[in-house]
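Peer 1: Single-letter residue listing:
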Amino acid sequence: MPGLRLTLQAVPPERVDLSPLTPDRIAGRSRAEVAALPLASGNRSLRVDAVFKLAGDPGPELVIEGDGSRLDRIGEAMTQGSIRLRGNAGAWLGVGMCGGTIEVEGSAGAYAGSGMQGGLLHVHQHAGDFLAAAAPGDHQGMRGGVLVVSGNAGARAGDRMRRGTLIIDGDVGDCCASRMVAGTIAVGGAVGRNAGLAMRRGTLLLRRPPAALLPTFNDCGVQVVPILRLLARAWRGLPGPFASLSAGDLRARRSMGDLANGGRGEILILLPD
Amino acid sequence: MLLRLKGGRCYDPAHGVDGVVRDLFVRDGVIIEPPPPGTRIEREIDLSGRVVMAGAIDMHTHIGGGKLNIARAMLPEDHRADPVAATAITRPSAGRAAPGTLATGYRYAEMGYTACFEPAILPVNARQAHMEMGDTPIVDKGGYVMLGSDDFLLRLLAAGAEQQLINDYVAWILNATHCIGIKVVNPGGISAFKFNQRRMDLDEQHPRYGVTPRDILRVLSRAVHELGVPHPLHVHSSNLGLPGNVDTTLGTIQASEGLPIHLTHIQFHSYGTEGDRKFSSAAARIAEAINATPNATCDVGQVLFGQTVTASGDSMAQHRNSGLANPGKFVIMDIECDAGCGVLPFKYRDQNFVNALQWAIGLEIFLLVQDPWRVFLTTDHPNGAPFTSYPHLIRLLMDRSFRKDRLAAINPAAQALTTLGTLDREYTLYEIAILTRAAPARLLGIASLGHLGPGAAADITVYRDDADRERMFAAPEYVFKDGELVVEQGRIVKLTWGRYHAVRPDYDRGIERRLREYCERYLTIRADHLRITEEEMHAFGHGAAVVPHPCRARS
Ligand SMILES: [Zn+2]
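These protein sequences, in sequence, are chains A and B.
FYI, in this note's numbering the residues of the first sequence are 1 to 273.
FYI, in this note's numbering the residues of the second sequence are 1 to 555.
Derived by calculation from the structure, the hints in this document are not laboratory data.
Just so you know, not all the hints are guaranteed correct.
Derived SDA-like pairs: lysine to any residue, alpha-carbon spacing no greater than 25 Å straight-line [to be verified]:
1. A:Lys53 <-> A:Ala32
2. B:Lys329 <-> A:Ala260
3. B:Lys494 <-> A:Asn43
4. B:Lys347 <-> A:His139
5. B:Lys329 <-> A:Gly137
6. B:Lys194 <-> B:Ala94
7. B:Lys329 <-> A:Asp138
8. B:Lys347 <-> A:Asp138
9. B:Lys329 <-> A:Asn261
10. B:Lys347 <-> B:Ala94
11. B:Lys194 <-> B:Asn69
12. A:Lys53 <-> A:Asn43
13. B:Lys329 <-> A:Asn43
14. B:Lys347 <-> A:Ala77
15. B:Lys194 <-> B:Ala325
16. B:Lys329 <-> A:Gly262
17. B:Lys494 <-> A:Gly42
18. A:Lys53 <-> A:Glu105
19. B:Lys329 <-> A:Pro136
20. B:Lys329 <-> A:Gly42
21. B:Lys347 <-> B:Cys337
22. B:Lys329 <-> A:Ala135
None of the values given here were measured: they were computed from a predicted structure.
Working from the sequences, and respecting the hints, build out all of it.
Peer 2: Structure (structure tokens):
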């Protein structure tokens, strides 16, 4: 696919705000113009070509190569096109993303997918704390789109999530789905303590039973959950094992909570079929 | 160094100078008489074709103190959305509705403002407020200290204390807190709120102390007058925001019994109950009363559309409005025995009937109050709009066709209930210079500010004349603070820290024993620690001096 390739010259000494570089924001500019764009780094401003070597020309695809652990806000509010990171991403990956695709071959830092509204964000390895969570002061975390983490995620994944699909194939830390308002979270591995803390609505789907559920979740027994069939159909084609959920009758142990906060959320623990 | 600012068109209402081309001479930070011919001029700047005014003064802007810090903490989105980048000489900051101290100072200076007065300093929070104001660069600062719902005063009133004792208390507070005036917010109402009262009218008795808001206004305006504090009692009236509060406001004007009284953000207190929705403009009645009452002044508290945050000591009114918070979060809190505060984010929308009518009411007041020396240009930052919208407000006042275009775009039901479309008055540059320079300096009793005559601090703002007054007032070409060029072409070129303005009225030290006992028994802080030392003020203000302005005691 035609596009610009940015290769990190070295790991930057300070964090760099990469939000100006999304395919839609640099569309129609020449490579030289992109090279001269300012990037905020600490209290300084750096030219793009002081951080990266540039190849190719701006197009629908943007490729970033190197260890981007200090590159923050990659793909912020992007609406179309695709970004591929051949390495790690820093914090706030895909924050407020509205459309398009972001693929991270490595891991992502904290707050990946925070305030995300649309598009597909896939982290091949791990994600940090506050995945798809609300930024401090905000009332909503992820609000739409699909976010897949093939590895593990940290604490507070899906905090104040409002809509959309969050899939974590590996383990997830404490307080997953805390203060969740709506939407769907699926976890393939182990889940930490206090899952669903202050959850209002929404679905947390677990493949493995947690060590303990909060006492404010009410066990509703084993049920056939018809919505799972629709989910299985919708997830086909996504990366990872949740794409091949059996489309037959899916049974799950259902608990409703958090009763301390309305109690209309659910934790579904899948039973082997 | 002798600096000549050559050939600018000067607007200096304090001296009746209306657009006269003349040279200004500045030495050691002060404007001086033209020196004798042959005197060596070290620096000269040609201002031909430029509009020259004294630095602007915002006489009512919430820039420091507890509630602003709560607003800052509550609104990280305001800071994220509006970063102020560092330059070689300025530091990074952020925020528009609740800006950090640095952004506040930089942006005021970039708009040609050189002095700001924080209107709601609580005695128990004064130290914190002065720390924040001291960290606000370039502009001069001052504060009004808030009394009227403090238990100490209410106890004195309930016990029938003599006026002299009240005067001593008021003077002690002014000295202890390094403030320049006394503010009263919803007199007695903030205290009544703690006794579960949710409304308080002017002649309603306090549920515990039995005193009425009118009693409090009378006693405090008399104290301010007898102590000779130049700034009149600064009054945020009862019943803020309630339809029909115009009667309370008119009663409040009378409550000072002929003594000087300043009514702040009067727009929020000028509502009638006419029309289908029982909410209407009473601006005409208010303006008529102001026009007929020479001892009364007001600032408008103009509403402008957009996102902001309301931060007020009036916990009663803020509690009433808490359901309107947007985004939906708010803080209502008690502050010891002093007062309270309420902070809630708010979005004024031009298609909302009430918001649109509030916008129109503010402009009606500006246009109907005849004497520009008695109406002041404020948005009650950030309550009606952030201070950065002043240039837009100035254009609304100066440009009739712009104003009418804006009026045609607001909620139609509100358009039908305002007389704004029939008001053809356009403010002149001379009048804008009165509203934003000469009049506030006079009302505060600060002889060195707000004018361009010899002896004035060389706080000078130079604008490019531009028919688009919004563009003109948004980015002055030069701003001088105490004779130093601090802003050039809209950018900060030098960092200074301004000074504090205060008053130090005399008092009988007998009051201190009572205060010590009271603080020891009821407050978390001792009377001797309430008092802020001058050394502390210097430290807060990056070495800034506290300038006391004279009080002429009367009795
Ligand atoms: Zn105010």
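Peer 1: Hints first: check each against the structure and report whether it holds.
Peer 2: Do the hints match the structure? See the list:
1. A hinted pair counts as satisfied when its Cα atoms are at most 25 Å apart, and Lys53 of chain A with Ala32 of chain A qualifies at roughly 11 Å.
2. Taken as a hint, the Lys329 of chain B and Ala260 of chain A pair is honoured in the structure, with Cα atoms around 20 Å apart against an allowance of 25 Å.
3. Annotation: proposed proximity of Lys494 of chain B to Asn43 of chain A holds, straight-line Cα distance about 19 Å (limit 25 Å).
4. This hinted pair checks out: Lys347 of chain B and His139 of chain A have alpha carbons roughly 16 Å apart, not beyond 25 Å.
5. Between Lys329 of chain B and Gly137 of chain A the alpha-carbon distance is near 9 Å, which keeps this suggested pair within the 25 Å criterion.
6. With a C-alpha separation of about 35 Å, the suggested pairing of Lys194 of chain B with Ala94 of chain B is violated against the 25 Å cut-off.
7. The hinted pair formed by Lys329 of chain B and Asp138 of chain A meets the criterion: a straight-line CA distance of about 10 Å does not exceed 25 Å.
8. Only pairs whose Cα atoms come within 25 Å are accepted, and Lys347 of chain B paired with Asp138 of chain A is accepted, the gap being roughly 16 Å.
9. For the given pair, Lys329 of chain B sits about 17 Å from Asn261 of chain A by alpha-carbon distance, which is consistent with the 25 Å threshold.
10. About 19 Å separates the Cα atoms of Lys347 of chain B and Ala94 of chain B, which keeps this hinted pair within 25 Å; it holds.
11. Note on Lys194 of chain B and Asn69 of chain B: the hinted pairing holds, with a Cα-Cα distance of about 23 Å set against a maximum of 25 Å.
12. Pair hint Lys53 of chain A plus Asn43 of chain A holds up; C-alpha atoms about 23 Å apart against a cutoff of 25 Å.
13. With a C-alpha separation of about 31 Å, the suggested pair Lys329 of chain B and Asn43 of chain A falls outside the 25 Å cut-off, and the hint is violated.
14. For the suggested pair Lys347 of chain B and Ala77 of chain A, the alpha carbons sit about 23 Å apart, so the restraint of at most 25 Å is met.
15. Proximity of Lys194 of chain B to Ala325 of chain B is assessed by CA-CA distance (about 22 Å); at most 25 Å being required, the pair is judged to hold.
16. For the proposed pair Lys329 of chain B and Gly262 of chain A, the alpha carbon gap of about 19 Å is at most 25 Å, so the pair holds.
17. Straight-line distance between C-alpha atoms of Lys494 of chain B and Gly42 of chain A comes to about 22 Å, which keeps the hinted pair within the 25 Å bound.
18. This hinted pair checks out: Lys53 of chain A and Glu105 of chain A have alpha carbons roughly 20 Å apart, not beyond 25 Å.
19. Distance check on the hinted pair: Lys329 of chain B and Pro136 of chain A sit about 13 Å apart at the alpha-carbon level, within 25 Å; holds.
20. With a CA separation close to 31 Å, the supplied pair Lys329 of chain B and Gly42 of chain A exceeds the 25 Å bound.
21. With a CA separation close to 32 Å, the supplied pair Lys347 of chain B and Cys337 of chain B exceeds the 25 Å bound.
22. Taken as a hint, the Lys329 of chain B and Ala135 of chain A pair is honoured in the structure, with Cα atoms around 15 Å apart against an allowance of 25 Å.
Going through the hint list in order, the structure does not satisfy hints 6, 13, 20, 21.
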